[in-house]
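Dock the two chains into a complex; use the hints.
Order-wise, the sequence lines are chains R and P. Just so you know, we're using the working numbering here: the first sequence kicks off at 1 and counts up by one. Just so you know, we're using the working numbering here: the second sequence kicks off at 1001 and counts up by one.
These aren't lab readings, by the way, just hints derived from the structure by calculation. The beta-carbon is built from N, C-alpha and C at its ideal position, and this holds for glycine as well. Treat the hints loosely; a few may be bogus.
[Stated by the list, open to error] Just so you have them, the derived chain R footprint on chain P, three or more residues with Cβ under 8 angstroms: (1) 1291-1303; (2) 1342-1349.
[Stated by the list, open to error] Listed next, the stretches of chain R that the computed footprint assigns to chain P, with coverage defined by at least 3 CB atoms under 8 angstroms from CB atoms of chain P: (3) 18-26; (4) 37-44; (5) 47-60.
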Amino acid sequence: MSHVQAESFLQIDEADLSAYADARAAEMDLMIAGAFQPSVLENLTALHIHARRVSAALQDLDGSRVEAGAR
Amino acid sequence: MNGQNLHRVPTYPSALSIAQDVKAGRATARSVAAGALQRIACNNPSLNAFTAVFADQALADADAVDAALAAGRPVGPLAGVPFAVKNLFDVAGVVTLAGSKIRQDAAPASRDAELVARLKAAGAILLGALNMDEFAYGFVTENAHYGATRTPHDLDRIAGGSSGGSAAAVAAGVVPFSLGSDTNGSVRVPAALCGVYGLKPSWGRLSLGGVFPFVGSLDHAGLFARHLEDLASVYDAVSNDGAFPSQDPIAGRLDKLASRRLRVGMLQGWFTQGAAAEVLEALKPLADALDADLDVELPGAEAARSAAFCLSAYEGGRLHLDDLRRRAEAFDPAVRDRLLAGALLPDEIAAQANAYRRIFRNSANALFTRYDLLVAPTTPCVAPRIGEPTMMVDGEAVSVRKNLGAYTQPLSFIGLPVLAAPLNRPGLLPIGIQIIGDQGCEALTFALAAKLEHLGLVRAHPPQQSQDETFR
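Extracted from the complex, chain P is given alone in its bound form (with noise of 0.2 angstroms):
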């Protein structure tokens, strides 16, 4: 440990409860986010997860949904629930800085992100902002001009990224959800290295309308909670399924979801090669428990894994070619030279990498005739250590920052939903498998998440310096 702690704070429920008490006039929305607010006075300077706090607003927003209770009025869902999101979502009078020091110039956004408009339009305050990767480039949120953002079960170990302040947050009881965005396993990768629930829908079920981009055909928006009903609440109340707020929410139906008998493959082959013992021992109990059918294989994963690695590298060095023309000392020198590295790649690999997308996803298609879900791990190994530049996969020494998502990166190139949910083992580091559906089947995966967590298999536990004070 590196001599820091996690504050003892109070009991910290979950975010429908908070709404159920705030709206019952158990507590007031001002109480909740002052206490919210606390915690991250207290937390953040061992967890590093915020990059701004937004005390002020948080505290008007909190008034606003007490005096409309007060007077009558309609209040949304998640009234009065605390959040925070990553700092790549507009909000409002505040730089969008995506984890860079080059945008701390840019002009405020003017208005909110989709995603944080709907979320205070459904009643719920936004605290403040999260670290990340810069420009959502890497797995490790150990950013240079922002420092390294913790996992709370061990903070001398990365939380993963580049969603690591959102993971973080959650996962240390400081807001009981948070948004964070996943190009290619940046919210899976940290959901699971801190051990919360994560989401990443299909491709384009959750507004990118004011989220910074990275690489648009492989961006998508995505959620962290450390309960799946908290999940699957905050996904109803954004969801675009034709209808806002959900007209077929899932949160509600867990239970019966839960009981639903799904055909379930275990992936081997790519999404196990290189993991660690402990990884492989951990998901042992699954394939028994689900009567799952094992050795099952997407083909064609490496090559997607890479093809997506090469899209990422051209489309991000496009994007942000004229920085990098003009001030490349300004970057985080790990994304600059990847970002530089990209710009020197011809067109013709981004498209060979589409080409190959078409390909990879007819592959995944015929995996799902056979299978409603598949089951993989998230990530080879548990965190990493803060400024441990590579891990052992096969007895190769890798590179963390471009390694960490081998499992998660096929997956987003096709769009694939996956929950992320952490395996459950109390007093360990955390270990997270994804749970992926075909296309627009969001509802199942919650369906296998819940089926998992009545088996006892999958649990979000409290880091255990601040355990039975943080959690609840």
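Next up, chain R with everything else stripped away, as it sits in the complex (with noise of 0.2 angstroms):
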């Protein structure tokens, strides 16, 4: 899990967020287990819907320039 990068991040399904919380938790030595798990994995949830987002919209922008640069 060290040096995770935006790609593999966003490319989790949202069903192995848990999964993805307890290791990340683990590397950088934070407690999230307990009564704390839900509502951090319900904001990591909303996270990864922003973070999609993003990067949908910077896809969309590249292509957009490679389409022009074609024309």
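In structure tokens form, the structure reads like this:
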């Protein structure tokens, strides 16, 4: 899990975010077990959606540039 | 209503008229400060706006202003005017809480924050520190440690956040102006829900020296006032336009500014998506009155909001990482869980958000070649009820805490100046608009606000339960 890249985070299925959170928390020396976990996971899921939206917008822009260059 | 009421207090004039009265000898700074302290004592149990009151120091500072006047020494433009600050501004000798319990054990600040020092140099009298969301992370000011701050317009409803105490104290007429901060909307959202003016100038325009940080590239200091002229005067007194005080003051030329012909675009798309029918209806008279273009889009706003959302969580998580590791249970749970999630993000997500910022900035630049100013609602709805976790957006229940700033986040993401103005709705729950300028164009935002005030479309109103008593 060390050196997590944006690409790998973005490619995780929502169903696997819990496993990601556990591994990443261990790497970061953070405790998110017990009562914290559902809410942290809910927030991480929201961040995952937002991060994917930004990634998609950047990719769309890259696509537009390529298209413009081809024209 | 919750059975509480705002106490009836004597009429409460503008900051400028207070300063004029003090300078002319019609009132002493001490009597003004004592009156304001009495208003805090009467109203704060209902509002929960103040977390600390500096009564002795305030009276001593007021005496110093009176002594200077008696000795014929010069006093500043805000002589004897009471004010208060969000409790993330350093005040010498006071612990800067930033809305947290964790910082209760921190050392007191050794000096005043730069803006506090400038206001004191201008003769203003600091009365106290104001409630906020913990570490400025939220739009509600429902603080687990210090309680919820209430909008004076309905004490069952939130003041908004994160500078909720700053907006509520001004809206209730307790102080004529206050300081807050705005990272994602934390001046504009509470200004809207409390029905007062708020200013989030261009990024970097107001000093953040001595202000507890949240997200370095998004943090802005900001102001609240009930009168537009007061907002301008305070801005003139503290802004960084290369000189202090300002060499190009706005306050004295509001009437002239209001007569300018302005090209205005009404933002649609993301900025009206999910807005309550009441909000959309309230905006309609603006477009007609201003001959503004409708259906103006700011492309990329939704992704910009997402990028700001990610960046805030990431940087907030990194800033508080040590405390999250050592004493996570001491945080406000709602804030802690957002910070923990942010701390789990890889660095590249922040890099991606920053890359998008440059693109979105270009998108805004293109619009400002066609328009001097843009206008958008500040929030999708009126103030939600205290304790209400969700609100309806497009038929879907979404978190109030995270989504009240959906329309404000894209704008602070690229550091644009925004003046938040209250629509003229006497007797109704407040609805606010954002007047958005290009970088460095604060004066134009004031110009449009003044024009709208002349047209009777924006105005701060007293809370109904204290009408004709608190405000004048």
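Hints, verified against the model:
1. 1291-1303: holds (count 3)
2. 1342-1349: Coverage by chain R holds here, the residue count being 7 at a Cβ distance below 8 angstroms.
3. 18-26: holds (count 4)
4. 37-44: holds (count 6)
5. 47-60: Check passed, 10 qualifying residues.
Hint violations for this structure: none, all hints satisfied.
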